[in-house]
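A.B. asks: Here are the chains, one letter per residue:
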Amino acid sequence: NAGVTQTPKFQVLKTGQSMTLQCAQDMNHEYMSWYRQDPGMGLRLIHYSVGAGITDQGEVPNGYNVSRSTTEDFPLRLLSAAPSQTSVYFCASRGVGTEAFFGQGTRLTVV
Amino acid sequence: GNSVTQMEGPVTLSEEAFLTINCTYTATGYPSLFWYVQYPGEGLQLLLKATKADDKGSNKGFEATYRKETTSFHLEKGSVQVSDSAVYFCALSDLVSSGSARQLTFGSGTQLTVLP
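In the order they appear, the protein sequences are chains A and B.
Everything in the first sequence is counted per the numbering used here, starting at 4 for the first residue and increasing by one.
Everything in the second sequence is counted per the numbering used here, starting at 222 for the first residue and increasing by one.
Partner residues aside, some chain A positions facing chain B, computed with beta carbon under 7 angstroms:
| hint | residue |
| --- | --- |
| 1 | 43 |
| 2 | 44 |
| 3 | 45 |
| 4 | 46 |
| 5 | 93 |
| 6 | 102 |
| 7 | 103 |
| 8 | 107 |
| 9 | 108 |
In silico SDA-like links for lysine to any residue, alpha-carbon gap of 25 angstroms or less:
| hint | chain 1 | residue 1 | chain 2 | residue 2 |
| --- | --- | --- | --- | --- |
| 10 | B | 289 | B | 258 |
| 11 | B | 273 | A | 101 |
| 12 | A | 12 | B | 263 |
| 13 | A | 12 | B | 260 |
| 14 | B | 270 | A | 99 |
| 15 | B | 281 | A | 98 |
| 16 | B | 289 | A | 101 |
| 17 | A | 12 | B | 268 |
| 18 | B | 273 | B | 245 |
| 19 | B | 277 | A | 102 |
| 20 | B | 270 | B | 295 |
| 21 | A | 12 | B | 332 |
| 22 | B | 270 | A | 53 |
| 23 | B | 289 | B | 329 |
| 24 | B | 270 | A | 33 |
| 25 | B | 273 | A | 99 |
| 26 | B | 277 | A | 101 |
| 27 | A | 12 | B | 329 |
| 28 | B | 270 | A | 29 |
| 29 | B | 277 | B | 237 |
| 30 | B | 289 | A | 102 |
| 31 | B | 270 | A | 43 |
Read the hints as simulated data drawn from the structure, not as lab findings.
Backbone N, C-alpha and C fix where the C-beta goes; we use that ideal spot for every residue, glycine too.
One chain only, chain A, in its complex shape:
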């Protein structure tokens, strides 16, 4: 019953460093998404994918890259971290006609 697995759970970066947040799902879902959660702002969509090889931008894509080489994996890359990217990041997946399943989140602090 793994569902959606995110790693790491916590991360501290220095400004300008790069890193990749990992997301994997074992439900064979076509749709995967990345959100960031900030106080008082709910969840905002960063990038999403409707299948392997297909990605698109969400509401707040600047500073983030994604790729979808397999159905299972949808990593989120920060190329040059900034303090404004301090947030909690959630990955989610959905199948056709199903609800969204969320990972447990990655708490990122950029100093």
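Model the placement of chain B on the given structure of chain A, informed by the hints.
C.D. replies: For chain B alone, coordinates are given in the frame of chain A:
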């Protein structure tokens, strides 16, 4: 574009009190509506959903009715418990502009604390 407006929190109630969390939405199409719950340190979990007007979603004593005429989806529970303490998010799902996927638009969340 789509948007969801939620009652601002935090909300603090005593055990067995009645709960209402208001949610209204704006959408161009015919959205599905959801309530998600987030317990401390965890990701979001689906609490209930409704896919068309006048549908009532229910789960764990929580209910919400899809009201198209008032564009609302208010969450209610008749008697809350300490274990209901969490953040509650209202969300809608509609086709993105490309028509190729249904993405979720979330409200800002309402923190509920239930005291014994």
